[in-house]
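Here the structure of chain H is known, so what remains is to put chain S in place on it, guided by the hints.
There are 2 protein chains.
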Amino acid sequence: MDILELVEDISEPSPTKIVLVAVDGLGGLPNPETGKTELETANTPNLNHLVAEGCCGLMDPVSPGITPGSVPGHLAIFGFDPLAYSIGRGAMEAIGVNFDLQAEDIVARGNFATLSKENLIIDRRAGRISTERTAGLCQMLDGMQIANIKLIVRPVRDYRFIVVFRGAGLASGVSDSDPQMNGVPPRKIIPLNEPAEKTANIANKFISKARTILANQHPANMVLLRGFSKRPQFPSMTDIYKIKAAAISSFPMYRGLASLVGVDVLETGNNLEDKIATLEKYFKDYNLFLLHIKQVDMAGEDGDFANKVIQIEEVDKAMASVINLKPDVIVITSDHSTPATLGMHSWHPVPVLIHSKWCRPDKMIKFSESNCRNGGLGRFQAVQLMPMVMAYALKLGKFGA
Amino acid sequence: MDILELVEDISEPSPTKIVLVAVDGLGGLPNPETGKTELETANTPNLNHLVAEGCCGLMDPVSPGITPGSVPGHLAIFGFDPLAYSIGRGAMEAIGVNFDLQAEDIVARGNFATLSKENLIIDRRAGRISTERTAGLCQMLDGMQIANIKLIVRPVRDYRFIVVFRGAGLASGVSDSDPQMNGVPPRKIIPLNEPAEKTANIANKFISKARTILANQHPANMVLLRGFSKRPQFPSMTDIYKIKAAAISSFPMYRGLASLVGVDVLETGNNLEDKIATLEKYFKDYNLFLLHIKQVDMAGEDGDFANKVIQIEEVDKAMASVINLKPDVIVITSDHSTPATLGMHSWHPVPVLIHSKWCRPDKMIKFSESNCRNGGLGRFQAVQLMPMVMAYALKLGKFGA
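Taken in order, these protein sequences are the chains called H and S.
Take the first sequence: its letters are residues 1 to 401, numbered as in the numbering used here.
Take the second sequence: its letters are residues 1 to 401, numbered as in the numbering used here.
Extracted from the complex, chain H is given alone in its bound form (with noise of 0.2 Å):
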């Protein structure tokens, strides 16, 4: 029995109300100046008062050293474990722009490229011409129907797009055209199975006719394909946790992830306050907010440690008014770590603080990256929280008699 199964058997229906706030990229390493971290020199006082009052730890997204990306960070928070529960490359992309993915479709993703008059690469990433200019080339390319089969093309970011296939008779099992190196042509593209002969097929085709659309576009003259693949069957939140579960944000990856889970996805604003308002609005209809907050690791993936503490300092305003909602559980947390010195996602183990009248405390009194490290939820792995918080929220019962 793994721990979902286990879970699932153990949940009992409850109305405790939790609030798990996902503070996008919050892990940070210090300033070299002052030797402390963003979350270490913003001023939180409401982060501080939940800390104080409930207990902190250490997770590990998805494995210590691993870098997760936001799909793998977020799956693990809600409770799967992103190494058994595989996303394809199409599928992953598909859902990071949140393009709605049936249940019968192939998605692959695509880079444009530079193609020599030789048919060798000369670049896989055409230059890595900007989002804009591989939208543009998406509408060249979209809605082609070929056979019974229709193509939607969608940017995704720089020159990557995605392409999906939809209509009877597909299957995943196909090679890539995209061979990962310049200086060789891009591969035909073969069924791995019977099933996938025709989806080998139409692929082939596409790429066909995406050649001569793209014939006067260099350096866009060339698509290469990888990662076909469907979209994945999870199974749901609200099955296993036997909650009604909602999520609260404006980033489309979170929002198609959320809706993959089985997890109702409430429109809501751009801005923190557009949120915090919806998180009100619905307060009394759900059992689980997820509330995703992007700002933070926006901050941190620009370099700007300044900003990073500013925007942590608007998370923190932003909590007061989730403390008088006074739910059962308020848990926050973050899908990875951002340093600002480093620029990017890094692989640094996240804080989470779990405020609740359960709580075994443990003397912290600032939620910081250090008090975590010796908080009273150790180190563990991100997938591990969601049992927890539903424990803490009185949502699961005894396992064995």
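For the record, the hints were derived by calculation from the structure and aren't laboratory data.
Don't take each hint at face value.
Heads up, the list lumps identical chains together, so a pair's fine if it works in one copy or across two of them.
[To be verified] Here are the simulated SDA-like pairs of lysine to any residue, each with C-alpha atoms no more than 20 Å apart in a straight line:
id, residue 1, residue 2
1, Lys317, Gly127
2, Lys366, Gly376
3, Lys363, Asn374
4, Lys357, Gly65
5, Lys366, Gly35
6, Lys398, Leu342
7, Lys357, Leu394
8, Lys188, Trp347
Values in this document were obtained by computation on a predicted structure and should not be read as measured data.
Positioned in the frame of chain H, the structure of chain S alone reads:
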């Protein structure tokens, strides 16, 4: 997907350099008179400098409570779970003496034993004869040819040896001749499946001939064989981590194991100075150096607390040269503890320090078991070390979108 597959998927070539120093048997227990372990007693200014700038933790070589031999201990540090990547007993001994096992060889572990006139085993260990005596007996048995199979016999230690079956048509699926008890006759070796019939036949003939040759060698007048196995096929560290890796060790087992996981084994001398000179000579040529130091473990095995302290201080002095090379990441750890008070390998978790500019500082200023217990790396399993080390060297990309 397991973690090694994930790491292989996200690892990226980079010019950064890592020196991982395995101080064999480093972990200890307190001297009852002072309450301080060997490492806590030693004067270690260089290790203290590294831990003050870096971060530290405690690592379980295999799993809490499990005392590893050197093979599983080092295998875990290399990133291979010793419970998943099993090595047959015969192959384990062959690696232990750095015997160059070929892919098709079958190797068994052997004991010299004492047999009575009634064909009963009187002593499974032949009175624990010396390694020298065993070496002489091995020469008497070495080089037989039975059918198309050549038999190679090499001493291991004390009464133990290996016999390698080399030639076409062999398989490892045969039973042991060693009944693992005294007072009973040796067992006939039987094939456990059809492809192993020839191997069983040759092995029984070898035992019969050996018995004749050893007739006058009391107490070593018989051989007992067990653990027939092949050279394990492990993935290469070079492939997984996309690095050029070199091992620096004069310990045959370590050299054999490094070679098994695709690491270049450099020629070096027995002394610590020789190893540092080898590191300096090849520093420009590799990305990862696996430097193995044996002396500390030997002092621990001897139960010589004072000498173990001295040997740790010698390691500390040598670290000055490692620091001078300015690798991007320095790791100091061990394959297992060897407390001098116990005088043998133990199950106690081992201290680890990682020195990198991307460490979250943990305010420890002395490298010791008790500081590692409160260190920023927390407590983790040795098999998780290598992904962490790769992360701190910025050699791993992001997992997922």
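Going through the hints against the structure:
For the identical chains of this complex, lysine 317 and glycine 127 are neighbours neither inside a copy (42 Å) nor across copies (50 Å), given an alpha-carbon limit of 20 Å. Taking identical chains as interchangeable, the C-alpha atoms of lysine 366 and glycine 376 lie at most 20 Å apart whether they share a chain (14 Å) or sit on different chains (17 Å). For the identical chains of this complex, lysine 363 and asparagine 374 are neighbours both inside a copy (10 Å) and across copies (13 Å), given an alpha-carbon limit of 20 Å. In the homo-oligomer, the alpha carbons of lysine 357 and glycine 65 lie at most 20 Å apart only across protomers (15 Å), although the nearest pairing inside one protomer, at 33 Å, exceeds that limit.
When the C-alpha separation of lysine 366 and glycine 35 is checked against a cutoff of 20 Å, the pair qualifies both within a copy, at 16 Å, and between copies, at 19 Å. In this homomeric assembly, lysine 398 and leucine 342 come within 20 Å of each other (Cα to Cα) only across copies, at 13 Å, whereas the closest approach inside a single copy is 44 Å. When the C-alpha separation of lysine 357 and leucine 394 is checked against a cutoff of 20 Å, the pair qualifies only within one copy, where the shortest distance is 10 Å, while the shortest distance between copies is 41 Å. When the C-alpha separation of lysine 188 and tryptophan 347 is checked against a cutoff of 20 Å, the pair qualifies neither within a copy, at 37 Å, nor between copies, at 54 Å.
Going through the hint list in order, the structure does not satisfy hints 1, 8.
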